[in-house]
Every structure is written in structure tokens, then in C-alpha cells.
Amino acid sequence: MADDFLFLTELLGLKVYDLKGRRLGLVKDAVIVPLIHPSRVDRFLVGGGWAWLTVRYDQIRSITLDGIYLKDEQLTPYHSDEYMLRLVRDLLDQQIIDGQGRKVVRVTDVTFQIKQEAEGNVIDIIDIDIGLRSVLRRLAQGVVPPRLIRRVQVLIPPHSIRWEHCSIIEADPQRRLRLNVSNEILERMHPADLADIVEDLSPDDREAIFESIDSEVAAETLSEMEPDVQASILESLETEKAADIVEEMSPHEAADVLAELEEQTSEDILEEMEVEPKAEVEELLEYEENSAGGLMNTEYVALPENTTVAGAMEALKAHEEILENLNTLFLVDANEQLKAAIPLARLFTASGVTPLKELAPDTLIHVDVEERQDRITELFDKYNLLTLPVIDAEGKLAGVITVDEIISLLREK
Amino acid sequence: MIKRFRYQIAIFLSVIGPGLITANVDNDSGGILTYSQAGAKYGYLPLWTLIPITLLLIVTQEMSSRMGAVTGKGLSDLIREEFGLRTTFFLMIALVLTNFTNVIAEFAGIASSLELFHISRYISVPICAVAVWYVVVRGNYRSVEKIFLFACCLYVTYIISAFLLKPDWKEAAIYSVKPILMFDTDYITMLIAMVGTSIAPWMQFYLQSAIVEKGITAKEYVQSRIEVVVGCILTDVVAFFIIVSCATAIWAHGPRDINDAADAAVALKPFGQYAYLLFSAGLFNASFFAACILPLSTVFTVCEGLGFETGVDKRFHEAPEFYWLYTLLVGLGAAVILWPNFPLIKMILASQVLNGVLLPFVLIYMVILINKKGLMKEWTNSAAYNAVAWVSVAIMIGLTLALALITVKQMMPQARIAPAVSAPLAQVQRYDSGRHAFKADVHESRFAHLFRQAVGIGKFTN
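Respectively, the protein sequence lines represent chains V and W.
Going letter by letter, the first sequence gives residues 12 to 424 in my numbering.
Going letter by letter, the second sequence gives residues 85 to 546 in my numbering.
What the hints contain is simulated information worked out from the structure, not anything from laboratory work.
The structure displayed is predicted, hence computed values, not measured ones.
C-beta: ideal position from N, C-alpha, C; glycine also.
Please note that a few of the clues may not be correct.
[Stated by the list, open to error] Computed footprint of chain W on chain V; a stretch qualifies when at least three of its residues, placed anywhere within it, have a C-beta under 8 Å from a C-beta of chain W: (1) 35–48; (2) 134–148.
[What the hints assert, rightly or not] Below are the BS3-like pairs computed for lysine-lysine, each with C-alpha atoms no more than 30 Å apart in a straight line: (3) K303(W) to K252(V); (4) K398(W) to K252(V); (5) K398(W) to K114(V).
[Unchecked claim] A short list of chain V residues far from chain W (calculated; beta carbon distances all over 12 Å): (6) R199; (7) K252; (8) V378; (9) N395.
Isolated chain W (complex conformation) (with noise of 0.2 Å):
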């Protein structure tokens, strides 16, 4: 009895790992400056969103390491044999350059961290960057990995933080519960990047191929889908203090934008004069261990899925595809962030947007694939997951257009179109005005306006 109970235990933490480390990735660069911003310019209002946030991660993450767990391969490898190469290397372009985005922004995570103190982002970038390229190539990076997870505590240092900071809960609790939807291109844009930083989709190539190298099997995801819940849990646990932090101590002042790490330091302002230490320990830190892994991670996606050979202990010609991208991403996702003026919170806040313009894409492929009983066996979606995912997938698509629909629209150029939509309605009020003396409130519709115009009607001035 006790022997098999150990041998259960032993196999827990056996296949303790993948899950928890996703999670902690989860919370990148990226991740700490959008729930920050989501904090710091809505305040409470975006909270309702981590629930649904939290559910659609666990799904993913759990199809993804069941994908893992009983077909052995990476999703990449699943989408190339599944949906052929052309399918594959476009979903591939569209991974790399959302990928790269997200390298930069970790870069830009770490720039701005050790701005904080001083340290100039010519310095610090390039320093890492090499760091992050030698450490991952020459190996050592997995004892390397648990030094990164056990500075995953500095997390808790935004849970102490809203609590000093005596925020209203019972606010912060009814907006948990009480969604509200605005028609505004930065509150759409600031969901989907809350999605797009919860549920990257780079994570979930990642988390595929953690739990296939790490060798689980069908019979032993059981205990795995308990750490990969587990994880997500933590993941949104984390962002609701992020975001609480944020809304007490600056959106409470008056809400605004986050426009550097000092901003977002802020939240943490119970600390002190530490405040800015642990904000900056805590973000480097993040940055860090994801710029170890998001490249690699995207390479190795990548050279699975067009075929080409990988791993870090092949040397350069035996698989110069793999070094040469790697290479790359690296090297590129730091110069850019040397570019003078460069503007670090923005292009991270960015990246998250992309990041969740991609997730539906992915999703879909996601949930063909582990439908078809010939690669899952008896292990395919139940009815529960395929609504939930093709839901989220709806309300993904959804918002992107709307989004890409609000920016199309400000986009239009506003000094020829604003005299051209005034003068005709001026005409419209004075016309009526003296007729039916009506108060003059007419709004019209760039569009209509537009179309009124195309097809020559509306000329009231004879």
C-alpha cells in the first residue's frame, strides 16, 4: 500500500514540469505590462475577463499536453502531417513574425528593467542577448531553468502588495463577475492583448514539446493535467493581483497609460524604496527566462514542422536551418530594441495584441486535429471542450475584426474627410432648422456620408 503510494508520488514528480513551467512563462514581459495597463487605465472594470481568460487557458493547455501524451508529437509535426507543407510554412511565417515581436518585447522587458537603474539599454541588451544565445547553446541551460522558476516567487510580491495597498475588494470582486463590453479601439485592444498575453500561441507549440520530450504517456497524463490546471490557475491568480495592484495605486489617482517601467513600478510603491528593486528583479527575471525559451521554442517549431534538423547538441553544418533562425531571432530581437527612441512599453503591449490575432488560427487547427479519432483514439475532445473552444475561437475572430474595424476606420484620413462630412450636414441642420425648426443633433456616419455622397443624393442647398 505505502509502496504504491510512493510509486504515485514518484510519478507525480516526474512529470511535474511542463505545465508549471509554461506557466511561469505565461507571465512575460509581456504579461506583467498588459494586466499592469489594464490595470492602471480601467482599473477594476477588466477583471470579469479572467475567468473566461482562465478556462480557455486551461482547455488549451490541457488539449495541447493531451496532444503531447498520446501521439508523441510536437503540434507542429501534427499540423505538417495532417494539412501538408503550404498550410503548415504560411502558419509557420505568421508564428515566426508574431514569435519575433515577442522576442523584442522580451528584450524590451529586460532594457526597461535595468533602466529603472540606470543601466542603458545599449549596454544591457547586447550583454544579454549574447547571455541568453550562450547559455541556450552551449547547454547548460536546464540547471540554469530552475533558478528562473524559483525567481518565479518574486510573483508574490504583487499579492502582499494588494493587500498593503487596501484596495475596495468588494469592487474588485463584482467587476470579477460582471463583464462589460465597450466599443472603443483601446479597451477591444486591450482584451485581445489580455487573451493574446494569457494564451500565447507560441505556448502551446511549447507546451506540446515539453510533454512529448519529457517522455509522457497516455497513461500517465493523468497526473500531468492536474499540474498543467494547476498552472493556469496560478498564471490568472497572479495577473488578478497584477491588476488590482495596478488599479489601486494608480488607476484610483486618476486612471492613465503605462508609458515605462517606472509607471508600472508603481504598483508595487508599499515596498518602498524596494518597490522599484523588486519590480525590476521581477521583470528582468521574466524576460529573461522567456527570452530563453520563446526563441528556441520557435525554432524548434519551425524546423519540425518544414522538416529541417534541430537540437542544440547537432553542431552548425549538421543543422545550420535551425542555428541560422535562432541566430536571428536573437540577434535581430535585440537590435531593435537599439533603435534610438525605440518605444519599449509600446511594442510589448503590441506584441500581446498579435499574439491574440493569432490565437484563433491556431485554436482551429488545434481542435481539428485532436478531434480526429485515428491520432487520438478514445482520447478525443468531449462535447463541453469543443464549445468552448469553438466559442472562444468566435469571439477571438470577432473582436480582431472589430478591432481591425475601428483602426481601419481612424485610419481613413481624417483632415479631407471631417470639413467634407461638416459642411453637408451644416446644410442639412440649417435647411431643416428653418423649415421644421427642429434643434439640430443630426449625426451622420462617415460611411453613410460617404455613400450619400457616391450615389449623388442629399444636395439640400437649391
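Bound conformation, chain V alone (with noise of 0.2 Å):
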């Protein structure tokens, strides 16, 4: 054979060989023990007469289509154990995330490489198979020829994903260390893609994932997601990690979710969180969902009035984290009352020296806490807009309306 990969489809059913050329039974299933190996088949299930015997990958002396010849003979019964991931039971037919195509998708059939090694042949899984490929080997398995089949398939252009970028999907959190699945491939997408892929799923799976992964990674594939997924899941996880999810979103948006959960299921989340995140969502909870308050956001830099443009610059120094969507600063006075709003870009082509005030534009917009919200997004059209300050009743600013607000608020309708 001069091929050096073999389909799960054809590795099931092949004839197992004793030393003596006796044939011991047929292949039932493949295993891997992704603690030990993550790709190497570990070993094989054989059934011959009534109980299946394991084969361990180091008693194979050769892999082929023709058979696999052993080249030891001390074969123990089957038994299952919560470390193997048996490729046909846990593997065929199921759903698993594709984390460069980002999406989830069928597994249909598994491609090994046959590699050859001091002592025999080792199966490797190298891709998982998906697409009308697949499909036409499942259905002929067993009923056409194998090489008659690799000779026909290849009409069919192939679909198939590297198994080093395929995470399996488990619920169970106690079998997910077993079989140590890693979340590394969901942490390293972008968090919009990552939310795409989670809504694709099962509740079941949607919590184990959302259970699993990292808070912060959790948090902001949370706030790329329909408030109504946002709150079933956060409702099915346990009130601690909800909260340290809803800890690491912005206050803006942990309010949002939360008003949209069941109130004593919200409370109880709030409960648990930390003292400062808590008291800053909490008062965003209090305005109407449709006013300025619902929509403001507290992520904001507000300056003392005679600050310079260094002074500014030494500012937001200390606040790197906002800055990717920062656009605006804003100019409050000993009482907190705002007086100037300064475009971030104007600070670049003035001197160190020069006092804020003096960049800042003639007019200042600005909308009460109580502002309804087809006015604010009016407003917005009207002066070509990216951030809007809002003052609450005493003058005091209390938070920001930013363009990609009044986006998401306009898709909706």
C-alpha cells in the first residue's frame, strides 16, 4: 500500500491477525487517550465471538487495508474507562468546533496517517472529514470495496479540518478533565466568533463551555450575544461564576443583562459580586431601559477644567484599557458640573502647553438622564456624533452615549 492514511471507515471492520496468521476478529472501534497522546490511536477494539478484546498500539506490527497483523498476542478483555475517547462512540456522528473555520460542524468520517516506527505501525488522527466526501465513504462502508472507493471519491472534492484545530464538545465537566479538553482554541478566537459558535449549540453545551472557559473571555463573548441567549445562559450557570462573568463586562452592559434576567436570579447574581463593579451597575439598573440612563455607558475620561494637553497625555496614560474605543474627553469643573466635551485627535496638533479649554468646540451637546432615546438618536444624526455626554439632574455628568449604541439600537428595529 503505497498510501500512507487510512478513513475511520475503513479502519472499522478490518480483519485482526494473530502471529500465527489466524484471524482473532474484526475492528469495533478506535480509541484515543488524550491524556497520554492527543492524536495517537491508543488503542483498538476487536470483537470476535461474544466479549471485545483491547489492542494496545504497541502490539501492531502492520497496519494495511488488508488486515492488521499483531505482533503480540496478550490481548486483555474491553473495558471502558472515563479516560478513553472511543472514536466511533464518542466521536462519529457528533458535533465538534472547528476553531479556524470558527464554526461547528459534523464529524462524518477520520483520517489517519499510518506512520511507520521502529517496532510497527502507529495510527495518527490527522483530519477530521466532513462534507459529500465523507458522506459517500459512511454509506458504502461495508458494501463496496474500500480501494474501489478511494478510486471514486476522489471526484468528490475533499472537506476536511485538521484535528489540531478541532475541540470537542462535553458537557460533563468531570469527563471534560478526563479527557483534558483544552480550551485554548475558543479563548484564542475573537470573542464575536467564539458567540457565533456558542449560540450554534445545545444549552447543555453552551453551559459547559460558558463554565469552563475564562471569565474574562466568558464576559466578552457574552456581550456579543442576543439578550435573550444572554440570559438563559447566564441563568444556567452557578450564581458565583455568573457573577464573576457579569464582574468583567462593562457596568453598561452587565445592567443590560441583567434586566433582562428573572429579578430574584439578577439580585442573586448582584449579591455575589464585588463591591465596586456592584455599586456602579447597580445604579445604572435604576434608569429606564429606553433613556438616556439605559443607554449611557460609565466608561468615560473627565478631566479637571484647567487641565493642559500633557496633563491629559499623563492621563490617559494611567487608563490604557479604554483606550481602543476612546474618541472624547470631557472637562468638569470642582462640582462635577461638565463644561467642555475636547475631540481626542485635536490634542495631537496642539502644543504641550496649550489649557484644554482652548480646544474645545463652541458647542456643547448634551442630553438629560431622562432623554428619550429616538431624540438622542436624532441628535446623533443632527451633529454627526460619536460620543454623547449625559448630565444627570444636579449637572453632573454621569455618563456617555457612544456611536455603536445607537448602531445596535437601530439594527434592532
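Assembling the complex is the task here: the two chains are given apart, and the hints tell you how they should meet.
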């Protein structure tokens, strides 16, 4: 056999021969033990007679399409254990996450690479096959000779995913550990992609993923989801974990999510939260959902009235984490009254000693926390705003509404 | 307290949709014409089927929605995960073929409703096929859906019509509870079609996916269940009035087959000159609505079951199987109608029979799945549920076998067998009447005769 690959559909039903060339039985399943090796087939389950036997990878001399020849006949009966991932039982026809294509796919077949090692052949999983080609193999399996299938299938373009980009889905946390399921692939993805994937999964699987991934990633992912999905996920999680995730979200988003939940659940989660984010979130929760207060977030930079450009630069260095979405600075007086809004870009063309006040545009546009939503969108449209400051009844700066919030709002309509 | 109450209502409104939409799609062109045919040909006789049909409809729809809510997965996904690819594949082939005839039926409904106004099918069908394709793929389907749902109020015309026609309510009531079974091909075919149109296999797939897509979980499921049950009852209330209208307006003046839309529109004759308009509008709406949902649901089911990429938000090259299959279903479904002299109404009725034949197999998988503890946890079926489901499976398979047997018997070449049967029989009669003087009313079945000939007995003439 010149080819060095083998499909799971071909492996199943291969005859297993002992040292004297007697047939022991047929391959029924293959096992990997991820804790020992992430891709090597560790054991073959062979059915012959009444019981299944286990053949270890190091008991095999050769694997070809013509059969598996052993070099060691000391076989043990099959016992299931929690550390094994049985390919037919646990992988075939199940859903897995394709980390590179960023979607959920269903396993139709598995491709192995046959490796020639010093003492015999070893097979490693290299690809997970999806698509029409593997469907053909599954349908013809056991009916059409494998070599003929191989010749026919080249007519159909292949569709496979590298095994190292796959993440299996396992809802049971204990088993996740034993199967060494890592979240690395998921945590490396863009939160928006991860959100799409998670929305495709069943509630149990969603919960499992949110239970196990890093709270920060979970928070970012959750912010990308639809409000009703957010609510159902948070409600399914342990209160403590839910609180950890909500803490990592921006107070504005946290308030939005909590408002979606049943009152009791949302109170329980608030209770579990740290004091500081909790106070801010509770404050935001007070506002009507469709008012300026409900739309605003509290991630803004407010500086004293007399700050210079150089002083502002210094202040920004201390707040690296919000720079990405920052486009406006605010000036407040000693009584926290809003005085001016300065576009960030102005800072770059001014000298370091210029007071910020001088860079402010003539008109200062702001709204009250009670302001209605349609009036706010109107303002954004009219003045081409990126950020709109919101002030409370006493004239203090309470928060800001950013343009991305307005975009989401308009898209919902 | 008030807040709690408002919350409850909000939940109910948010889960509303899948059940009622499914119920309305249920009375598609196949539904309207099958019930019309039943009433026109057999009068009040078939009314008794509606109670068991409603029961079975509730049981199946409730099972699909429960599975959707608890597992968060579609029916084809579950079949694939639990029974493997090969089973899924063959079930999907059967489903595609059956649904294809249903798509044809929807376009036939469109064509025949517009032919009432002398709009040629060569104009109406291509335009509607393109419209269906466009509405669904370009994604403004959601807004169109509301128009359809609203237009479903047209079914009320049947209820009004039934009252205006002054049917024999006593008889209608008696036959609603009095089962009548006849071993007649047409009657059995009609029974299967009535079950098949009310409990179409594709709807189980559609409903389950709709529940999953709506994000309804086991917790909110109780509200959803109410909606499903209400939807099922509505479906069959409409069916009842269609049958009664047709029985009074058509059957009472002489039982006959429905051959075209004009025949069926007679049921609305109390509306006088508007009868055609109302019937046509109702049939058109039902057909177009279902023509939007049915091919799309089929493609989703198949592609999910076989693991192909799906979704109208994907580009063509991202989900080629999805788009090809969808386009083929709509395109071919419409093209078949354009075949010269294609028998529209016969096709519609035949597609419903196929539904009825496929149904028990889908049911079998559903019942096995829903009883798996690992899948459904504490939400598995109760014994009563299983009993209803299994009895229905047995009855449907029984009816299908009976139909197959009768059909095969009828398909035996008549010309060759008929004389062969009569010849020896005649001799038997002559022989016997001479000997025992007993009046020959001998009747021998064709099979018995063939059997007798084969083993060489019964040659009475020496």
C-alpha cells in the first residue's frame, strides 16, 4: 500500500490476525487517550466471539487495508474507562468546533496517518472529515470494497479540518478533565466568533463552555450575544460563576444583561459581585431601559477644567484599557459640572502647554438621563456625534452614549 | 404581583409563534383540497377521523417541541447522533422525495388558485417560484411571514360558509364520533391522505427546529406547550368546517371527486360571486406560505442531518449543498407543474398520501429518541403518550399495507386474468348446478383461483 493514510470507515471491519495468521476478529472501535497522546490511536477494540478485546498500539506489527497483524497476542478484554475517547461512540456523527473555520461541524469520518515506527505501524488522527466525500464513504462502507471507494471519491472535492484545530464538545465537567479538553482554541478566537458558535450549540453544551472558559473571555463573548441568549446562559450557570462573568463586563453591559434576567436571579448575582462594580451596575439598573440613562455607559475620561494637553496625555497613560474605543475627553469643574467635550484628535495638533479648554468646540451638546431614545438618535444624526455626554439632574456628568450603541439600537428596529 | 403577572405574559408572547405558524402551514393546499375531497366524496362520513387525528397531532407536535426545548437540537441532528449517518441518509432521501411532491403540490395550489381567474400557470408559477426563492434567500421573509399569518384569517370564510349552508348538524355530530371503515381503495387512500396532510412528517422537523431557533428552553416550555395544543385544535377545527361545507354544498347534491379548484370553491357558494375570489385568495395564500417554508425547512433538515453548512446568511460558496438543494427543490417543483396537462389536483392529493406513508417511520424514530433518558432527562414520554404513539404507528402502517395490497391487486393485469377466472368458474357452476341443482352464486377470489390453477386442482370437466 503506497498511501500512508487510512479512514475510520476503512479501519472499522478490518480483520485482525495473530502471529500465526489466524483471524481474531474485526475492529469495532478505536480509542485515543488524550491525556497520554492527543492524536495517536492508543487502543483498538476488536470484536470476535462474545466479548470485545483490547489491542494496544504497541502490540501491532502492521496496519494495511488488508488487515491488522499483531506481534503480541497477550490481549485483554475490553473495559470502558472515563479516560478514553472512543472514536465511533464519542466522535463519529457528533458535533465538534472547528477553531479555524470558526463554526460547529459534524464529524462524518476520521482520517489517520499510518506511521512506520521502529517496532511497527502506529496510526495518528490527522483530519476530521466533513462534507460530501466522507458521506459517500460512510454510505459505501462495508458494501463497496475500500480500494474502489478510494478511486471513486477523488471525483468529489475533499472537505476536512486538521485535528489540531478541533475542539470536542463535552458537557460533563468531570469528563472534560479526564479527556483533557482544553479551551485554548476557544479562548484564542474572537469573542464575536465564539459567540456565534456558542449560539449554535444546545443549552447543555453552552453551559459547559461558559462554566469552563476564562471569565474575561466569557464576559466578552456574552456581550456579543442576543439579550435572550445572554439571559438563558446566565440563568443556567452557578451564581458564583455568573457573578464572575458579569464583573468582567462593562457596567453598562452588565446592567443590560441583568435587566433581562428574572428579578430573583439578577439579585442573587448582584449579591455575589465585588463591591465596586456592583455599585456602578446597581446605579445603572435604576434607569429606564429606553432612556439616556439606560443607553449610557460609564467608561469615559473626565478631567479637571484647567488640565493642559500634556496633563491629559499623562492621565490617558494611566487608563490604557479604555483607549481602544475612546474618542472624546470631558472637562468638569470642581462641582463635577460638565464644562466641555474635546475631540481626542485635537490633542495631537496642539502643543503640550495649551489648556484643553481652548480646544473645545463652541457648542457643548449633552442630554439629560431621562431623555428619550428617538431624540438621542436624532442628535447623533444631526451633529454627527461619536460620543454624547449624559448629565444627571444636578448637572453632573453621569455617563456617555457611544455611537456603537446607537448602531445596535437602529439595527434592532 | 402585577410585575410577576406581566412577566408571565411577556414570556408567553415571546414563545408564541412556532406552534401557531406550524398549525397554519398545516392547512396548506394539500390540506384544503384533501378535506374538500373528503367532504365532496364521502359527505359527513370521514368526520370521525378528526378526533383521533387531533389527538395524534397534539401528541406528535408536543413531542417535537418538547424534544426541541429540552435538547436544543433539531430532529435530524438527533437522528444523526443516535442512529448514525446511513439511517439518516435514507430517511432524508425519503423525506426529500416526499417533500418534493409536497412542493409540487404547493405550486399546483398556486397554479390552480390563479387559474380560477384565467391566469395561465405558465405565467403564475414561474413568477411565484422566483418570488419564493427571492423572499427566502434575500432574507425579508420574516416580515412577509406576518402578512401570511394575517391572511390565514381567510379560513374563517369556511366557518361562516358552513353555517350559511345549513348543514345537517345532527348527522355531522353523529358521524364525528361514529367510526366507519370500508375496505375500499379510495376510502383507505383518503384516510391515509387525511392523516398525512394533518400530521405531515416535514412539520415535525420544522416545528422542532423553530422551537430551537426561538431559544425556548425546558423552563419556558410549559407556555410553548399551550400554544402547540391550541394550534393543533385550530387546525382541525378548520378541517371540520371545510369537510362540512363540502359535504353540504357538493356531496348532498351527489357525491363526486374534486377535479379542479372551481369544484372545491363551490363549498363557499353562500358568498355568491365572491366565492371564487375568497377560495382563490385562501388557497393562494396557503400555498405560497407553505411554498416558502417547506423547501427551506427540507433543506435545513437534510443539510443539518448530513452535516453540510446551512443558512440563508451564508454566501453561495460557503454553503453550496444548501443553496443547490434549495434551488433545485423550488425550481423543479415549479417546473413539473408546467408539464402540459399536468393533473394538478390529483398530484396534490397524492402528495398527502405519501406524507401519510412516511409518517409512521418518522414517528418511530421520534418515540425512540424521546424515551432516551440520556437525552431527555426527566422529560421522557409517559406511558399513555407512548401508547398513543405506538398505536398510531401500527394503524398507519396497517393502513399503508392495506392500501399497498389493494393497489397491487388492482394492478394485476385485468385483461389476462378476467377470462381465465370466469372460464373455470363457469364450468364449476354448470357442473354443480347439474348435479346438486344449487344456484350458482360461486365467487372465487383471484388469488384462490391462481393458487388452484398452480397446484393443478379444480379441473372439474372430464
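Has the given pair, K398(W) with K114(V), been kept, meaning a C-alpha gap of at most 30 Å? holds, 12 Å
Evaluate the condition: distance from the CB of K252(V) to the nearest CB of chain W exceeds 12 Å. Answer for K252(V): holds, closest chain W Cβ roughly 18 Å.
Per-stretch coverage check for the stretch 134–148 of chain V, three Cβ contacts closer than 8 Å to chain W: Three-residue rule met by the stretch 134–148 of chain V, so holds; n is 4.
Examine each Cβ of chain W, and state whether all of them lie more than 12 Å from the Cβ of N395(V). holds, 29 Å
Apply the coverage criterion to the stretch 35–48 of chain V and chain W: a residue qualifies when its Cβ sits closer than 8 Å to a Cβ of the chain, and three qualifying residues are needed. violated (count 0)
Confirm or reject: R199(V) is not an interface residue toward chain W, with every Cβ-Cβ distance exceeding 12 Å. holds, 22 Å
Keeping to a limit of 30 Å between CA atoms, is the pair of K398(W) and K252(V) held or broken? violated, 34 Å
Find the nearest Cβ of chain W to the Cβ of V378(V) and say whether that gap is larger than 12 Å. holds, 28 Å
30 Å limit on alpha-carbon distance, applied to hinted pair K303(W) and K252(V): holds, 20 Å
The structure is inconsistent with the numbered hints 1 and 4, although it conforms to all the rest.
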